[in-house]
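Student: What follows is each chain in one-letter form.
Protein chains: 2
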Amino acid sequence: MTTASATTHDALSADPSAEGAVTRPQGFSACGFTAGIKESGLPDLALLVSVRPATAAAVFTQNQSTAAPVHISKANCANGTLRAAVVNSGNANCATGVQGLADAREMTQLAASLLGCEAEDVFVNSTGIIGHYLPMDLLREAIPQLAPATDGGEDFARSIMTTDTFQKESVATFEANGISYTIGGCAKGAGMIHPDMATMLAFFTTDAPVAATDLDAAFRHAMDRSINMVTVDGDTSTNDSAVILANGAAGGETLSGESLDVFCDALDAASIPLAKMIARDGEGATKRLAMTVSGAKSWEDARDVARTVVVSPLLKAALSKYDPNWGRILMAAGRAGVPYDLDRVKIWISDLCVFDGTATGVPEEEASAKTQGEEVFLRMDLGQGQSEATAWGCDLTEEYVRFNADYVT
Amino acid sequence: MTTASATTHDALSADPSAEGAVTRPQGFSACGFTAGIKESGLPDLALLVSVRPATAAAVFTQNQSTAAPVHISKANCANGTLRAAVVNSGNANCATGVQGLADAREMTQLAASLLGCEAEDVFVNSTGIIGHYLPMDLLREAIPQLAPATDGGEDFARSIMTTDTFQKESVATFEANGISYTIGGCAKGAGMIHPDMATMLAFFTTDAPVAATDLDAAFRHAMDRSINMVTVDGDTSTNDSAVILANGAAGGETLSGESLDVFCDALDAASIPLAKMIARDGEGATKRLAMTVSGAKSWEDARDVARTVVVSPLLKAALSKYDPNWGRILMAAGRAGVPYDLDRVKIWISDLCVFDGTATGVPEEEASAKTQGEEVFLRMDLGQGQSEATAWGCDLTEEYVRFNADYVT
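So the sequences go chain by chain: A and B.
The opening residue of the first sequence carries number 734 in my numbering; numbering runs sequentially from there.
The opening residue of the second sequence carries number 734 in my numbering; numbering runs sequentially from there.
Source of the hints: derived by calculation from the structure; they are not laboratory data.
Take the hints with a grain of salt, since some may be wrong.
[What the hints assert, rightly or not] Restraint-style ranges between C-beta atoms, simulated for each label pair: (1) A:E851 with B:D957: 48 to 54 Å; (2) A:S750 with B:G1094: 45 to 51 Å; (3) A:A882 with B:D957: 58 to 64 Å; (4) A:G849 with B:C1086: 42 to 48 Å; (5) B:T946 with A:A835: 53 to 59 Å; (6) B:E1033 with A:A811: 28 to 34 Å.
[Stated by the list, open to error] With a straight-line cut-off of 25 Å between C-alpha atoms, the simulated PhoX-like cross-links for lysine-lysine are: (7) A:K1103 with A:K1030; (8) A:K1054 with A:K1030; (9) B:K1054 with A:K771; (10) A:K1079 with A:K1103; (11) B:K1030 with B:K1054; (12) A:K1054 with B:K771.
None of these values were measured; they are calculated from a predicted model.
By construction, the Cβ of each residue, glycine as well, lies at the ideal position given by its N, Cα and C atoms.
When you get a sec, could you build the whole thing from the sequences and use the hints?
Tutor: See the structure below:
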């Protein structure tokens, strides 16, 4: 029998069950450290290690202004294996030219020396200010002191945070071939709202045995439906990345067929809560938006419309004040590049149908009442097919502008 | 000899020379009227008429949630001739289904009856609230009372305004084949910042004789480099459109060759100031941004990067507080979908080069000083070709959010 279940941890729900998520699977250790990169004195260096070589898959930012560590990590992930990930916060090592590449490479070498593995088996990333060289003197001193532990997952999750107001962790478990497996995930990113400091980084671990090509396909599928469906302001970061290590430490045969399917479901279950936590943590945000587009011809069409609507500043501003402004949903959807017939479109705010080719005449107060909660559920049906996708975002408040205007590099 | 010159009128510069622009060319009359659609009692109905059949060209919103009058006007412009344009403000006649189409068609019929022309020769549009039927009783009473006059251009420009804080008019003149010709233009639109009320509409007139196919090509070229390069928040309207009528009333042979080229230059000169005025009139905006992308492989590449940067909420918020945050320019440019090599990129704030593969080390105070004026000039060179494009936008302030959050449909 194959079953999957998931629990999540975020400071909002105060559910402690996912704390230390990335070291929950067997055979992983991790730690956090204060290297002194951040002026605040908060932890700014993190290391995640698998006791044995792991198959690996990763997805990276599509931004053309790619940061140095992303170049190095792409190369190191190309063969589908990794042993460790080293990450600093407080400095993005982006727009740093040739020196930046050398610095990112040296971070992998320092971690490899500590762990006794190859530098090419180390994933590296950085998050923080753009355009400044890494303080390599601090990193040369700190990395050799790192002491990863099997209960270090929570320290890891905290040390990669920048403007995040709470750590984001998620655990999913599943059974396959009579063995219980675990997937742990953690992420940082306050919704790409603060690009000098708010790269989205996500790290996943599992003790299940998964072949590299299967892991790659499953991971892309899960990321496309979770992290890639979070959009706060349409801006993307130069350092965004997500990586998974599968070390097979729980034993059993390499997953395939039905057992691979249940792994995919569990991976989705572990990653979607992280996406929602990132959306909720947008600075200045008072509520989360979940925008579902149904009745599309393809998942890609549904995705494109959902993401376009959820990022509309006009809709986001309206919802911050409980204005059930479905005209703004129609207007935003119209620029997604997906053809539709307006006469066949329906729009719901929560369970209220407010548009069905023309206005349905639902009283505005009634619709407004559906926008008062901490999460607003919107749905638009295109009336042309069976595909569906959901994107997550947040409202737009004056606090967002104040935060991003006042921050000085 | 062929020469072109242009003057503009906006309330900021208080230059009166372009007042009544659309009736400056010979053979045009126009008027404004208070039909009672707006609760404010401000003018909300406008008519523009050519004394004789005119060749015509138009561009329309790409938004899939197209408003009813856009459907009718597209059909009426298809044969390249028009006699008149009738427009109401205060109600967008969008998301109004079959009834909306009938209402838009009736507006053209009412105008045609008044003018003694065919309904198919009348352009129609509406701007205002989405999702409400037009008050046809008011329009049936008002349209027959309209009295277009040869000095009515300014009334026309005022009657199409919604949230605009000043009317937007522009005049260009040129000589060809020994004859002096005039182009007049007016626009409304507070930068698409307030979608229920801020459709972008633009109307151009000229007394030059231009063949329909040449007019279409010239108009698309001019709109692509002016109105289509304005972007305030990335949202687009359901009713956006721009139209030009060329009635040949100043005489002379149909323009061709060099005389057609000078017409194209004059049309650009008439339309770019309108684009800048729209950008400047974004609610809550305190300054205009002009983002030039040079060194691109194609104009399309330059356009895509310039528009993507100028709409970035993060950059816009930074500039509102004089933060010369070029990292946000890099980050925003990176998501335009145009490949480039970061090492070859240069960025200027005004005349200061702040990035040249890596940070140039310009002191922040010095760069900040360049962002203090009413217009901030940014340039990014991609280092890969000769093409260039400029997009216009505005900064993002807390006032923008307040305005759009508090407005209730």
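Student: Against this structure, judge whether each hint is valid.
Tutor: Okay, the hints, checked on the actual structure:
1. At roughly 52 Å, the beta carbons of A:E851 and B:D957 sit within the given window of 48 to 54 Å.
2. Under the hint 45 to 51 Å, the C-beta atoms of A:S750 and B:G1094, about 49 Å apart, fit the expected range.
3. A C-beta distance of roughly 60 Å is found between A:A882 and B:D957, which places it inside the suggested range of 58 to 64 Å.
4. At roughly 46 Å, the beta-carbon separation of A:G849 and B:C1086 lies within the given 42 to 48 Å, and the hint holds.
5. Our hint of 53 to 59 Å for B:T946 and A:A835 holds, since their Cβ atoms are close to 58 Å apart.
6. In this structure, B:E1033 and A:A811 meet the distance hint of 28 to 34 Å, their C-beta atoms being roughly 32 Å apart.
7. Between the alpha carbons of A:K1103 and A:K1030 the distance comes to roughly 28 Å, so the proposed pair goes past 25 Å and is violated.
8. Straight-line distance between C-alpha atoms of A:K1054 and A:K1030 comes to about 33 Å, which puts the hinted pair past the 25 Å bound.
9. The straight-line distance between the Cα atoms of B:K1054 and A:K771 is roughly 24 Å, inside the 25 Å bound, and the hint therefore holds.
10. At roughly 17 Å between alpha-carbon atoms, A:K1079 and A:K1103 fall within 25 Å of each other, so this suggested pair holds.
11. The straight-line distance between the Cα atoms of B:K1030 and B:K1054 is roughly 33 Å, outside the 25 Å bound, and the hint therefore fails.
12. Restraint check for A:K1054 and B:K771: the C-alpha separation of about 24 Å stays at or below 25 Å, so the hint holds.
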